[in-house]
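Enquirer: For reference, the chains in residue letters:
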Amino acid sequence: MIRERSFSTLDLNFLGTALVIAAIGCMLIYSATYFSDPGLQTLRKQVLWVGIGITLAMFFLFVDYHVFFDVAPILYGIGVALLVYLLVWGKVTANVKSWIHIGTFQFQPSEFMKIFTALMLAKFFDTYDRAYLDLKSFLRVMLIIGIPVALIIVQPDFGTAATFFPLVAVAMFFGGIRWRVWVVTALIVALLAGAGWAFFLKPYQKDRIVTFLNPDRDPLGKGYQVTQAKIAIGSGGIHGKGFKQGTQAKLEFLPARHTDFIFAVLGEEWGFIGVAIVLALYLFLIVQALQFAKNARDRGGAFLVISLISFFIFHVLINVSMQIGVLPTTGIPLPLISYGGSSTMMFLIAIGLMANVDMRRFVNA
Amino acid sequence: MRVYRDDQKFLTFRINALLWAIVGVFVFLAGSFWFVQGVQAEKYRYLSDANALRPVTMPAKRGLILDRTGQNILADNQPAYSLTLDRVVMRPIVKADPTHRAKLIDFLSVVLGIGPQDIEARFAKGKLVPFARPIPVAEDLSMPQVASIQAQSLSFPELNVEPVQRRSYPYGTMSAHVIGFIGEVSEKDLGQHKELKQGDLIGKRGVELMYDEYLRGRDGAQFWEYDSHGRRLAEVVTARQAPVAGDNVYLTLDFELQRRAEQYFVENEFVGAAVALDPRNGEVLAMVSSPEFNPNVYTRRFTPETWKQISSNPFKVELNRAIQGLYSPGSVFKTVMAMAGLADGALGPGTTFDCGGSAVFFGRRFRCWRKQGHGPVAVANALKVSCDIFFYNTGARLGIDKIAEYAHNLTFGEISKIDLDGEKAGLVPSTQWAATKQHRKWYPSETISVSVGQGPLIVTPLQVANMMAAIANGGTVYRPHVVRMIEKNSPDGRVQKLQVASEVLHKVTLPPAALQTVKLGLWKVVNEEGGTGGNARVAGLDISGKTGTVQVIAQSGWFSTAGLPFMERDHAWFASYAPKDNPQMVVVVFVEHAGAHGGTDSAPLAKLLYESRFRNQIETARLDLTNPATLEMIKEGKLPVPGQTTKPPAIPDSGLGH
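First to last, the sequence lines map onto chains A and B. Going by my numbering, the first residue of the first sequence is number 1, and it counts up by one from there. Going by my numbering, the first residue of the second sequence is number 1001, and it counts up by one from there.
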C-alpha cells in the first residue's frame, strides 16, 4: 500500500526534465567532439556515465530518504576516510618524485562527498528545531562542512573545495543566524584568511589560490577563452547555426568545448532559442525543487532538498555567467551537460534524492 | 528560554525569497545572452567567419641537465627551424585550385630532398593532429631550405617556418646511458599523459624519461587574428600565455670522474661498466656503460640506415650495463661470503682451511684458481689471495639459504630503486628458488659454485657497488640516485632549489668484529704484497677492495683465457672503497671478456678514479715526511722527492699488468 501511494506522488515532470537536460548534454558533447574524436569515445563514456547515474539515482529514489539519514554518519565517515586515504596514498606512491611532489590527486570522492555532506547537514537540521542556531550548533554545522573542505584544500584543490560553499550559505540562510553571529563569523574568517595567507601558505599554494581567483591572470579580462566563447555564442544569433554546424567548436577555436564551455556550443549551434530553452529547463528544475522543500514532510527533507538544489544553482549560475564574461573563468562544470563522470553521477543522485523527499511528502503515506 | 519557531512560515518565506532572487538572476542572464546573440550577433558572426582568433603554440624551453656542480651542461637546447603545414589555410586554396596539393608535394620534395611518398606519409601521420593545429612536416631545416620556403610563401601560404629549440647533448656520448634521450610521443604516451599532444617531444630513456615531468615545462600560446583568407593579421597581446620553461636537473655525476672512466673504456676498447658511489648517501658519482651511444642521433627522426646501424650492433649499445647488465659476481662475492660466515658464526677470525689446490665436496672435485694451492689460510688472508678452497668450505658450512639471506641483505636479488629506468634485479638462488621457479631439488654441490660467485647467481655492477657501500659504511643500504637537485624556475623569476634527500632503504646488522675482519681482508687485497688488487694501490690513500674473475666457458684445467676468442674470455671485476677508515667513495669496475684477471684490467681504472677524487689528500700524504711509509716509498723510488713536481696520473695502456 505504502509503495502504491508513494508511486502516485512521484513527480515525473521533475525526473523527465533532468533526463531531457542530460540528453541535451550528450547531443552537445557529440557536436563538440565528433570532429576531433572520430571514435566518439568521449560521447560513449558520457552515455555510460548517464546510464550508471540513472541506476544510482533509482536507488537513491526508492529507498526512503530517512534510511539515508540513519546511515548518513557512516557514509560521511567513509567519504572522509576516502579523502584521507587519497592524501596518504598520494604521498606513498609518488615514487621517485615523492620528495617534491606537490600533488593533484584524483578527487572523485569529493563529488560524492557533496551528497554525503548534504545528508549529514539535513540529518542535523531534522532534529534541530530552534529558531536560530546558537554558537555551539553553528560550529557543529561548520565542522560538518569544514572537514571535507579542509581535506580537499590540503590536496590542494581549491576549485572543488569552493563548490561546497553553497552548503555554508544554506546553513546560514535557512538555519537561521542572528546578525551578530554573521558579523563575528565574517571577522573571524577574514582574520584567519589573512593570517593563513601571511604565515602558513607556501608560495606555490598562494599561486594556486591566485590562479583560482583569477585563472587567466589577465588584467584586461579579455582572455582568450571568453573571447572565443563569446564569438561562438554571438555568431549563433537567434536561431543558431544548426546541429553540427558550429565552426568555432569544430575547428577547436573554442577551448574546453565539451566540458566547461559546452554552453557556448549550445549558443553557437542552437542560438538564443536553445539558450533560453535550456535556461528554462534549469529554472523549472530549481522551482520544482524549491516547491519540494516547501512541501516536505519534515525539516530533514526540506534541508536535504535545499542543500542539493543549492549545488545546482551554484554550478548553473557560475558556469553560464562565465560563458559571456559576467564572471571570471573557473573550472566549474554545467550540471548534467558538461562531460565528466563523477559530476554527472553526483547530480543524477541528487535528482533522485530530491524526488525521493517529494514522493514521501505525506505523513500518513 | 527556548524559542521555537513557526517552522513552516520561516522556511517558506526564505525559500520564496531565494526563488524570486533566482528568477531575477535568470532573467538577467537571459537578457545578457540576448544582448550577445541578438544585438551584437552581426559582429560576432563576422569574427567567427573570419576564424578570427587562432592559437600558435610557443614551445616551452626544456630544462637543462647539468653535472654535479652545474659547470657543465650535459643536455642543452639549440635553436633550429621546423616546417609546419596549416590545413585551415590550405583547405580553401585546394578548393579553388585542385592541382595545388600536387604542386605542394613537388615543391617540398625538391626542397627537402625526400621522395613524394615520404611527404605523403608525413601528411598521413598529421591526420591525427586536430585540424586547427598545424602538422609537423620537417625539422632541422638548413638555412638555404628556410630561404627557399620563405621565397615561395605567396604560392604556399600554408607552410610556416617555425623557430624551435632542439635538444642537443654537447658532450655527445658522455654519460649517455644516464642522461638518456628524448623522442616523439607515442600513442601510448598520449593515452597516459593528457597534457601531451601529437608531435611533442618527451623523455624516452634515462634522466630525460624519469624526470620528464620536471624537464618538460609548459607550452605557451600566442593568439593571432586571421582574416577570412587565412592571412595572419595581428596578435592579441592581452591573450598571450607565456611558456613556462622546464626545471633544470643537476645530476650527482662528477664530471671529471665520469670523463676519466669513459676514457678508460674507450682507450682500452673495453666492453663493460663502472660505478662510483658515495657510500654516505647513495649519490652516483660516475656511471659508465661501454660501448656508449650518441643521444644526438636519437633526438632526430631516424632514417632507415641509422636504425639498421643501431639495431645491428652486437654489443647492444642502448643497454646500460651498470644497471641492466647481469653477470656472475665471481670472487667479488667472497666479500659477502666472508661477512656471512663471520656474522653467522660459521667462521671465526682465526678459522683456517688448508688449500692444496683442489678439494672434494659432495662427491665432486672443485679447484682453486691457484694450482699449487695457498696452504693454510684464515679469512682475512683468504680474501687477500682470493682462495677458492677457503670459501668452498665457508659455503659448505653456511648452506645456500644462509648465503641467500646475507646476499639479499647486501642488496643482491632485487632492484636498488635507482632513479633510472629498466633496472634489473638479478638472481640469488636458494632452495626455495629451485623448488618454485625450477621445480627441482637444490644440490649441495651447487652451493659450492655459488660460494665463489658462480652458478645461477647473477648481479648488476650497481648492486655490487651498493654492497661495497654497505660494507664501507657499516651496514646502511642507501637508495642510489643520479639526480642531486632540481632547480625550478617560476615565470616571475623566482628560483626554487629542491635537493634530493638521501634515502635509507634498510640497515643490515653487521657485527663490529666481523666487519673489522672483512675490512682488514679487503685492505690486504690492495695493500699487501701478494694481494690480488695491487694494481689499484695508491701511495698516500688506503684503498680496500676485492677482485673477481668470471669464467665464461667451462674449464677443465688451469689456463689463461687471454688468447681465446673475445666471447670466450673471462670477465674481470674490481669492487672497492676508500679511504679505509672513513669511506667516501665506492668504485666498481667490470670489464666483459677482458681475458685477464680482475686485478689486471679493472683495478687500474679504480686507481685512476681514486687519484682524481682524492688528489689533494694524496699530495698531502706524500709530502708528510713523518710518515715512515712515505719515507720507505721515496727510498724505493716509488715516490718523487718532495719539491719535485709530480706528473698527473697517466692513463695506463691495456698491456699493463703482472
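Some hints could be false.
To be verified - Examples of chain A residues toward chain B, derived with CB under 7 Å:
#	residue
1	G51
2	M172
3	F174
4	G175
5	W179
6	V181
7	I231
8	I233
9	S235
10	V275
11	L283
12	I286
13	V320
14	G325
15	L327
16	G331
Think of the hints as simulated: they come from the structure by calculation, not from any bench. This structure is a prediction, so every number in the text was calculated from the model and none was measured. Glycine included, every Cβ here is placed at the ideal spot set by N, Cα and C.
Enquirer: Each hint should be assessed against the structure and marked as holding or not.
Expert: Verification of the supplied hints:
| no. | hint | in the structure |
| --- | --- | --- |
| 1 | G51 | 24 Å, violated |
| 2 | M172 | 11 Å, violated |
| 3 | F174 | 6 Å, holds |
| 4 | G175 | 10 Å, violated |
| 5 | W179 | 15 Å, violated |
| 6 | V181 | 15 Å, violated |
| 7 | I231 | 5 Å, holds |
| 8 | I233 | 5 Å, holds |
| 9 | S235 | 4 Å, holds |
| 10 | V275 | 5 Å, holds |
| 11 | L283 | 5 Å, holds |
| 12 | I286 | 6 Å, holds |
| 13 | V320 | 6 Å, holds |
| 14 | G325 | 9 Å, violated |
| 15 | L327 | 11 Å, violated |
| 16 | G331 | 14 Å, violated |
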